[in-house]
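Using the sequences and the hints given, assemble the complete structure.
In this text, residue positions in the sequence shown follow UniProt numbering: the first is 1, and each later residue adds one.
Hints listed in this document are in silico derivations from the structure and should not be mistaken for laboratory results. Don't take each hint at face value.
Using C-beta positions, here's what the derived DEER-type ranges look like [claimed, not checked]: (1) Leu179 - Val117: 28 to 34 Å; (2) Ala336 - Val117: 44 to 50 Å; (3) Lys215 - Ala336: 41 to 47 Å; (4) Phe193 - Arg112: 22 to 28 Å; (5) Ala2 - Glu324: 27 to 33 Å; (6) Thr251 - Gln141: 21 to 27 Å; (7) Thr202 - Lys164: 46 to 52 Å; (8) Ala321 - Ser27: 43 to 49 Å; (9) Phe254 - Arg334: 50 to 56 Å; (10) Phe254 - Leu92: 22 to 28 Å.
All residues carry an ideal CB built from backbone N, CA and C; glycine is no exception.
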Amino acid sequence: MAVTSIVVVVAGASVGDFWDVIFKVPSHRNLVNITNQSALIFLAALAAAIGFRMNLFNIGIEGQYTLAAYTAALVAGQAWFPGKVNILVALLVAMAVGAAWAGIAGVLKVTRGVSEVISTIMLNAIAGTVVGYLLSNHGQQYGQGRRTTPIPESSQLAGWTPWKESDGAIWTLVILAVLAGVTISFLINRTRFGFDLRATGTNEDAAVVSGVEVKKMVVISMLISGAIAGLIWMPALFGGADYYGPPFQRTLGFTGIAVALLGRNRPLGIFFGAVLFAWLSEQANPLALVADISPSIVQITQGVVVLAVVVAYEVVRRWTAAYEQRELKAALDREAVSA
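In structure tokens form, the structure reads like this:
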């Protein structure tokens with residue numbers, strides 16, 4: 001709070017007005033938006049966390065969900081399948097495309113030793129360029145831009161309206177975030193695969209000695225990460241966007257990386273981080289309207305929060321390690337004296 005307050009002062013704005021808006025109880029419409037946005041951020045962060053738990057830095061989530069969203073919207077818009085079956089097919093396509101795009105980086109790493117950081121960054125650029133080209137040359141004209149064929153009404157999901165209809169609806173496929181979180185939590189903590197993943201991330205050499213096929217784990221982890229990334233835009237696509245085009249929300253992949261770090265790569269921690277980021281983002285517009293403060297201050301606040309938490313975790317980790325070493329030394333000294 002202190003660092004953010006200093007930034008607000010430097011920007012020439014009122015610190016009191018800034019925090020009043022940030023901590024103001026959201027309206028019903030704001031709560032709906034926060035819930036929907038939290039689901040997207042959660043999925044993005046979960047995708048990043050899978051790689052992080054194994055010391056893999058999947059920076060390519062942005063490209064994976066962009067390509068997956070475009071392909072899923074394209075398939076769903078063709079209405080090759082009836083009603084809700086169309087939705088299921090589109091979800092499977094999105095997961096397959098995301099997994100395949102992430103899998104390229106995994107294969108390059110285990111076969112050619114290419115850093116996943118470099119390969120996923122390049123794949124981000126390729127995905128954005130490919131989607132832009134396809135949309136420009138084969139998309140429908142829509143206003144000043146282009147879009148994919150809209151999804152038929154029979155394949156759209158009305159969502160849940162907890163308050164008045166004018167306050168908006170919570171997207172039906174927000175449930176994907178819940179299911180993904182529970183599934184990944186179980187997979188990591190209750191299965192042999194999860195044990196191998198955590199073991200490889202902690203000490204690769206020890207994992208090899210214990211019989212873990214590290215190369216296989218790298219590829220599988222990237223595939224799972226990409227599959228989850230492919231689902232990021234699905235709640236919005238079937239909850240109101242109805243097509244891939246100008247309303248598409250970019251940078252969710254990079255936001256997810258920050259939230260994964262904030263939540264220490266644990267689904268529960270990621271959940272709280274996603275809600276916090278969604279809350280701050282939703283308050284950006286009131287800041288500009290009520291307090292005449294640039295929404296960019298919110299992005300600075302998000303960065304400060306992540307940095308502060310990461311530093312705090314590191315300080316605690318080092319203190320704990322030093323404390324354990326002191327305790328071990330004391331125990332050895334006592335044993336030596338008694339001998």
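Q: May I ask you to test the hint 22 to 28 Å on the CB atoms belonging to Phe254 and Leu92?
A: Because 26 Å falls inside the window, the suggested range holds.
Q: Hint says 41 to 47 Å; check whether the CB-CB distance for Lys215 and Ala336 agrees.
A: holds (45 Å)
Q | Leu179 versus Val117 beta-carbon gap, inside 28 to 34 Å or not | A | At 29 Å between Cβs, range holds.
Q: Kindly confirm whether 21 to 27 Å is satisfied by the beta carbon distance between Thr251 and Gln141.
A: holds (26 Å)
Q | Consistency of beta-carbon spacing, Lys164 to Thr202, with hint 46 to 52 Å | A | Between Thr202 and Lys164, where Cβ atoms are some 50 Å apart, the hint holds.
Q) Is 43 to 49 Å a correct range for the gap between the Cβ atoms of Ala321 and Ser27? A) At roughly 46 Å between Cβ atoms, Ser27 and Ala321 fall inside 43 to 49 Å, so the hint holds.
Q) Does 22 to 28 Å hold as the CB distance between Phe193 and Arg112, or does it fail? A) At roughly 25 Å between Cβ atoms, Arg112 and Phe193 fall inside 22 to 28 Å, so the hint holds.
Q) Falls inside 44 to 50 Å, the C-beta gap from Ala336 to Val117? A) holds (47 Å)
Q) Okay, Ala2 versus Glu324 on CB: inside 27 to 33 Å? A) Given about 31 Å between the Cβ atoms, the range holds.
**Q.** Assessment of proposed distance window 50 to 56 Å (beta carbons of Phe254, Arg334)
**A.** holds (51 Å)
Violated hints: none; the structure is consistent with every hint.
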